[in-house]
Amino acid sequence: MQPWPGSPYPLGATYDGAGTNFALFSEVAERVELCLFDESGNETRVRLPEVDGFVHHGYLLNVNPGQRYGYRVHGPYDPARGLRCNPNKLLLDPYAKAVTGAVDWDQAVFGYTFGEPESRNDDDSSRHTMLGVVVNPFFDWANDRSPNIPYNETVIYEAHVRGLTMRHPEIPEELRGTYAGLAHPVMIDYLNTLGVTAVELMPVHQFLHDHGLTEKGLRNYWGYNTIAYFAPHDEYATHSESGNQVQEFKAMVRTLHEAGIEVILDVVYNHTAEGNQLGPTLSMRGIDNEAYYRLVEDDKRYYMDYTGTGNSLNVRNPHTLQLIMDSLRYWVNDMHVDGFRFDLAATLAREFYDVDRLSTFFDLVQQDPVISQVKLIAEPWDVGPGGYQVGNFPPLWTEWNGQFRDTVRDFWRGESATLGEFASRITGSSDLYQDDGRRPYASINFVTAHDGFTLNDLVSYNDKHNEANGEDNRDGANDNRSWNHGHEGPTDDDKVNDLRARQRRNLIATLLLSQGVPMLLHGDELGRTQDGNNNAYCQDNELSWVDWSLLERNGDLVDFTAAVVDLRHSHPVFRRRRFFAGRPIRKGAELRDIAWFTPSGEEMSDEDWESGFGRSIVVFLNGEGIPDLDRRGGRVTDDSFLMCFNAHDDEIETTLPNGSYGSMWTVVLDTATGAVAEPNGGPADSREIEAGTVLPVPARSLIVLQRTGIGE
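According to full-length UniProt numbering, the sequence shown is numbered sequentially starting from 1.
Read the hints as simulated data drawn from the structure, not as lab findings. It is possible that part of the hints are untrue.
[What the hints assert, rightly or not] List of simulated lysine to aspartate or glutamate pairs, DMTMM-like, C-alpha gap at most 20 Å:
1) K250 <-> D326
2) K495 <-> E651
3) K300 <-> E290
4) K216 <-> E471
5) K495 <-> D556
6) K216 <-> E542
7) K250 <-> D334
8) K216 <-> D475
9) K250 <-> D140
10) K300 <-> E27
11) K216 <-> D472
12) K495 <-> D334
13) K216 <-> D106
14) K250 <-> D144
15) K300 <-> D475
16) K216 <-> E467
17) K216 <-> D104
18) K250 <-> D16
19) K300 <-> E116
20) K300 <-> D78
21) K250 <-> E174
22) K495 <-> D649
23) K250 <-> E235
[To be verified] Label pairs and their computed distance ranges (CB to CB):
24) G692 <-> T193: 37 to 47 Å
25) W609 <-> F54: 52 to 62 Å
26) N143 <-> E467: 48 to 58 Å
27) R47 <-> R127: 14 to 24 Å
The beta carbon of each residue, even a glycine, is placed where N, CA and C say it ideally should be.
Taking the hints into account, I'd like the entire structure generated from these sequences.
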């Protein structure tokens, strides 16, 4: 085991067909030992012979894919100065492309003795922690290409690799909960039938199950506890021996691409699973603690925590920034993913104390020829001071629009005085995104996401019910903007159930027909419930897994969702590339691109907007001048629509606008009945309705009409 000098780049373990190059950054290390493990767990230590620019490196001939390894870093140990090197702790390579084994939470993986946080613990941790795996980088991608779907044509489906398929009866049992299960023909057919164009996968980077959860018999189901930013999580693979999870992940991406579906990853570059000063020493903490983590300036034993998880990555350090950028490029170039959703993205902007929109990280992304070309979605907040940054990210970025979620929930549960806000949200939130050169698709619209109630629970519970999490119902948000419609939880009351069903349709239709990019939470179209649990992060069981038996019971909701998705795809006016201007679309046109009406058929005045009457409104969307092709190339005869919203608890008689907006109209969607027109085919209601007609809009419903007769 005599190493050659090798190369300082790329970092990590890189197999070239003859051997493997190992490279590890550490500015504080005095020397670094590479530790190789055989099948029996026997360890061979090899000192990396070369150091260039604080990168310790060496090349070993005949070290092949499947080889398990870790590092021991020799250097100073002085927690008060932020130094935590201890060669007794076997450390995971931050650039490991596959991981095997698990942390068993023995005292040996901690840098101190239990009960004595100021002590130093020198127990060898190698038998109690994870190992990196050398992977084979070669894969037959065939003719794989990204679907490269424009933002305005995108419909996102937020999904969990394990939870989506664990209970699917038509997927072989051995494939359930895996990358291969997600790529199974049954799932591909379902996603295509639903009409989604991208799956946004909850974290698939290798993560840990927290010690506190495992002691309660729970698991970190969501996965926001990353330990390796290059490695696909091994538990989501049918076989993870020899790093096979990499090949299985690639095969999943290739299959989804063949079906025209993009793959977006939810990534957690804001913190790691090593936690605060009481956390384990597993990787970066023992490699170069101060370089990788934000430490408290006055006492470097402690960690800055903008995430609520114990630590925050130090994006002020160029090597940490390099780790993030190298990881992103690897997932695009080598794993062929199509974009990223950045968890608690405001943390990445904290170069000093405040969130800095022009921080180095965003500069790096802006100029990067690879990362700047994929979909970039920010969760635009963290838990630190000034962390709520909706609308403040740079032009390349789109954002989870939490204001859309809150406003739409409030409108449909009957909150008053939200009309102006509601109008802004369903037309793309120009108040948030227009001034900095962004388009309506900068707004990633959602009503529900993994964090919070499911759609079914949003209309079935007033309060959270998180007792199963073992925290006496203290965890999870208390302000859910939900409404149980008269009964908490399941009920046999047909009247309540009918109203809940209508509200589910209202929320889905509003989401899918608003300007911006809609995101559905997996299983919402099935009526999935978590029994009122709004923080199911630790529930890796049937409470969180999608129940596919609902497909038969709630098939009408699935059909409704797919039909509304198709309506969106078929009509460009629902997915505009530019904001409405409130003026004629072309010279000489008399009609503005958008107009707002009261139920009496009169255009909204300033007094109407400010009056506080706020539960019913009609909007005219002018489709003239918009390219008359849908995303599949079909011709669109007329792309102008009226949307009649009624969140009142009573029917409202709505007068259709005068004939200048259209002489004849036909209903294409009615949430009261669940009827949706067939794409480019028969209407939801074959009656043609003349301008000026009084149309009854049922209580708590949305009616969408398509213009079938041009006005004067």
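Tested hints:
Straight-line distance between C-alpha atoms of K250 and D326 comes to about 18 Å, which keeps the hinted pair within the 20 Å bound. About 16 Å separates the Cα atoms of K495 and E651, which keeps this hinted pair within 20 Å; it holds. For the hint linking K300 to E290, the alpha-carbon distance of about 8 Å falls within 20 Å, and the restraint holds. Simply put, K216 and E471 have alpha-carbon atoms about 10 Å apart, close enough for the 20 Å limit, and the pair holds.
Taking the CA atoms of K495 and D556, the gap is about 18 Å. The hint holds against a cut of 20 Å. With a C-alpha separation of about 17 Å, the suggested pair K216 and E542 falls inside the 20 Å cut-off, and the hint holds. At roughly 9 Å between alpha-carbon atoms, K250 and D334 fall within 20 Å of each other, so this suggested pair holds. The suggested pairing of K216 with D475 holds, with an alpha-carbon distance near 15 Å, which does not exceed 20 Å.
For the given pair, K250 sits about 9 Å from D140 by alpha-carbon distance, which is consistent with the 20 Å threshold. A hinted pair counts as satisfied when its Cα atoms are at most 20 Å apart, and K300 with E27 qualifies at roughly 17 Å. Restraint check: the Cα-Cα separation between K216 and D472 comes to about 13 Å, which is no more than 20 Å; the hinted pair holds. The straight-line distance between the Cα atoms of K495 and D334 is roughly 53 Å, outside the 20 Å bound, and the hint therefore fails.
Of the pairs offered as hints, the one joining K216 and D106 holds, with about 16 Å between alpha carbons and a cut-off of 20 Å not exceeded. For the proposed pair K250 and D144, the alpha carbon gap of about 10 Å is at most 20 Å, so the pair holds. Of the pairs offered as hints, the one joining K300 and D475 is violated, with about 30 Å between alpha carbons and a cut-off of 20 Å exceeded. Of the pairs offered as hints, the one joining K216 and E467 holds, with about 13 Å between alpha carbons and a cut-off of 20 Å not exceeded.
Between K216 and D104 the alpha-carbon distance is near 14 Å, which keeps this suggested pair within the 20 Å criterion. A distance of roughly 19 Å separates the Cα atoms of K250 and D16; the hinted pair therefore holds under the 20 Å criterion. A hinted pair counts as satisfied when its Cα atoms are at most 20 Å apart, and K300 with E116 qualifies at roughly 18 Å. Taking the CA atoms of K300 and D78, the gap is near 9 Å; set against the 20 Å cutoff, the hint holds.
For the proposed pair K250 and E174, the alpha carbon gap of about 19 Å is at most 20 Å, so the pair holds. A threshold of 20 Å between alpha carbons decides the hint, and for K495 with D649 the separation of about 13 Å falls inside it, so the pair holds. About 15 Å separates the Cα atoms of K250 and E235, which keeps this hinted pair within 20 Å; it holds. The hinted window of 37 to 47 Å between G692 and T193 holds, with their beta carbons roughly 39 Å apart.
The beta-carbon spacing between W609 and F54, approximately 60 Å, falls within the hinted interval of 52 to 62 Å. Evaluation of the 48 to 58 Å hint for N143 and E467 yields a pass: the beta carbon distance comes to about 51 Å. Between R47 and R127 the C-beta distance comes to about 22 Å, which sits within the given range of 14 to 24 Å.
Checked against the numbered hints given earlier, the structure breaks hints 12, 15 and satisfies all the rest.
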